[in-house]
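Asks: These are the residues of each chain, in order.
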Amino acid sequence: MTVTMGRRARADEFTAYAGQAQQRLFRQAVLLTGEAESARDLVQATLVKLYVAWPRIDTPGAYAQRTMVRTFLDGRRKERREAELHRPIDPGRAEPDPAQALTVRQAIAALPPRMRAVVVLRYWEDLTVDQTAAALGCSSGNVKSTASRGLDRLRDLLGDAFAERTSTPAAEELS
Amino acid sequence: MSIPTDELRARLARELDELGPGPDLVPEAASRGATSLRRRRAMGGAALAVAAVVGGAVATGVLAAGDEASPTDEDLKVADTTSAAPAWDPLADGHVTEQEWERAVAEALSAALPARYGEVRPIESDFDVQMFGTSGGSPQLQLDLGVSGWHRSEHPVRYQAHSCAAIDAARELHSCSDLEYGDGWFAVVETGLMPPGNAGPFEEGERITIPEHDPDNIPDDWSFGTELHVMNADVSARLGFSELGWDELSGNDLPGITDEEMLAVAQDPAFLELVRVGVQWWYDQPPPEPLEIDGEIVPTLTGKGQQVPPRFPS
Chain A
1 MTVTMGRRAR ADEFTAYAGQ AQQRLFRQAV LLTGEAESAR DLVQATLVKL
51 YVAWPRIDTP GAYAQRTMVR TFLDGRRKER REAELHRPID PGRAEPDPAQ
101 ALTVRQAIAA LPPRMRAVVV LRYWEDLTVD QTAAALGCSS GNVKSTASRG
151 LDRLRDLLGD AFAERTSTPA AEELS
Chain B
1 MSIPTDELRA RLARELDELG PGPDLVPEAA SRGATSLRRR RAMGGAALAV
51 AAVVGGAVAT GVLAAGDEAS PTDEDLKVAD TTSAAPAWDP LADGHVTEQE
101 WERAVAEALS AALPARYGEV RPIESDFDVQ MFGTSGGSPQ LQLDLGVSGW
151 HRSEHPVRYQ AHSCAAIDAA RELHSCSDLE YGDGWFAVVE TGLMPPGNAG
201 PFEEGERITI PEHDPDNIPD DWSFGTELHV MNADVSARLG FSELGWDELS
251 GNDLPGITDE EMLAVAQDPA FLELVRVGVQ WWYDQPPPEP LEIDGEIVPT
301 LTGKGQQVPP RFPS
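These protein sequence lines are chains A and B, in that order. Numbering-wise, the numbering used here puts 112 at position 112 of the first sequence, and it's gapless, one number per residue. Numbering-wise, the numbering used here puts 19 at position 19 of the second sequence, and it's gapless, one number per residue.
Because the hints were derived from the structure by calculation, they are not lab data. Just so you know, not all the hints are guaranteed correct.
Claimed, not checked - Chain A regions said to be covered by chain B (calculated; three or more residues, Cβ under 8 Å):
| # | region |
| --- | --- |
| 1 | 36-47 |
| 2 | 102-110 |
| 3 | 131-140 |
| 4 | 147-157 |
All residues carry an ideal CB built from backbone N, CA and C; glycine is no exception.
Let the hints inform the model, and build the full structure from the sequences given.
Replies: Here it is as structure tokens:
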């Protein structure tokens with residue numbers, strides 16, 4: 001019953017997959033955490049979990065994505081618990097300065113963590129509503145409403161600056 | 001105003017391009033993952049009834065290799081087990097197969113655990129030992145069981161400390177309960193940071209302070225856990241309890257079963273009968289591969305490796 005796999009085979013397969021996937025994961029992690037250093041830690045934790053679970057994973061991409069977003073949200077919950085004692089330095093949580101035009105990254109970083117995760121999975125990773133719901137362990141309805149509110153919030157944060165910089169017509173628009 | 005999502009994605013891509021590539025994290029992740037698996041194997045070694053070197057010493061016996069004996073019914077001098085006798089006898093032919101052992105564990109633990117846990121069944125796991133899970137309970141339990149049959153005289157270090165007082169003198173515990181219940185049997189239930197293998201209650205060790213669980217900084221070879229140890233002069237069994245799905249990257253949440261309930265398992269005739277079967281199962285197994293922990297090969301022994309065959313106390 002025990003799943004066993006040779007140590008060398010596991011390492012080789014994992015290295016091959018992770019080597020080609022880590023940059024994509026890093027980008028997603030930057031969007032989730034808001035900055036590169038935390039993103040590095042998040043990718044590292046995700047890859048370690050991926051390595052440990054490797055023999056029983058059928059779809060590494062989906063597993064890594066799900067693991068990363070849940071690890072991120074778990075970490076945010078822990079941070080909240082510790083907020084009374086510590087105030088971690090996290091530029092991603094800083095309130096945006098309305099006087100300055102935000103980058104999209106900064107605007108996404110200003111979203112609440114769960115809303116941020118929905119927006120990243122839906123509009124950066126291009127997952128479907130159902131895929132996003134599966135990754136987050138919530139209902140499709142929850143994803144739809146959170147995504148809609150997330151885009152509303154981005155619109156408020158980015159304001160006219162986003163529209164002015166937009167030069168290509170959108171294939172999909174949500175308000 | 002609307003947010004065009006294609007443009008949103010394109011803008012993000014441009015911004016992320018400016019960030020440049022991230023660092024190569026794969027080698028470190030593979031290394032940490034491998035360390036994590038070694039810890040699992042070290043922990044699971046107990047369930048393999050691996051007699052890891054405890055205190056740096058492996059006792060050796062003096063009986064001739066051919067002088068073998070198997071545990072017998074009359075060897076079990078504990079509470080009446082007749083009421084728990086299984087409808088089938090895994091020891092009918094004097095040996096225990098893996099299938100028989102799994103069935104015996106599932107049936108005995110289903111009977112011995114509190115009713116809220118329902119049925120116990122083997123579960124898929126990437127631990128290198130057989131794990132079991134409960135169908136009920138909140139949380140459901142993940143269990144691993146190891147039994148071994150070293151004689152006390154052969155492995156004295158193993159039995160140096162068998163009380164909570166003795167364990168606590170060696171290292172700090174979250175909680176501990178112990179019980180003696182006749183004919184030399186005693187049980188220890190402990191929750192805390194465990195050393196690798198099944199040496200937990202027995203090993204002389206440096207007193208440590210249990211740290212806050214940090215998945216990024218787990219002490220090498222140690223893991224937080226809840227364990228029940230049942231033993232007498234010749235037999236020891238270790239039953240590990242964790243939340244179903246737990247791995248060493250999980251948090252330190254307690255599994256939800258009380259010390260009193262675990263001590264009740266220790267005294268349950270079904271469990272003690274299982275221990276008797278487990279000694280033979282342990283003895284019938286081929287030697288496992290040596291454990292490698294942080295680059296060091298840790299000797300491992302099953303019943304095949306001991307000079308004196310297992311027996312139950314007279």
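Asks: All the hints need checking, so say for each whether the structure fits it.
Replies: Okay, the hints, checked on the actual structure:
Using a Cβ-Cβ cut-off of 8 Å, 8 residues of the region 36-47 of chain A lie near chain B, which meets the minimum of three, so the contact claim holds. Restraint check on the region 102-110 of chain A versus chain B: 4 residues with Cβ-Cβ distances below 8 Å, three needed, restraint holds. Evaluation of the coverage hint for the region 131-140 of chain A: breached, as 0 residues show C-beta separations to chain B shorter than 8 Å, against a requirement of three. Three residues within the 8 Å Cβ limit are the bar, and the region 147-157 of chain A against chain B gives 3, so the coverage statement holds.
Checked against the numbered hints listed earlier, the structure breaks hint 3 alone; every other hint is satisfied.
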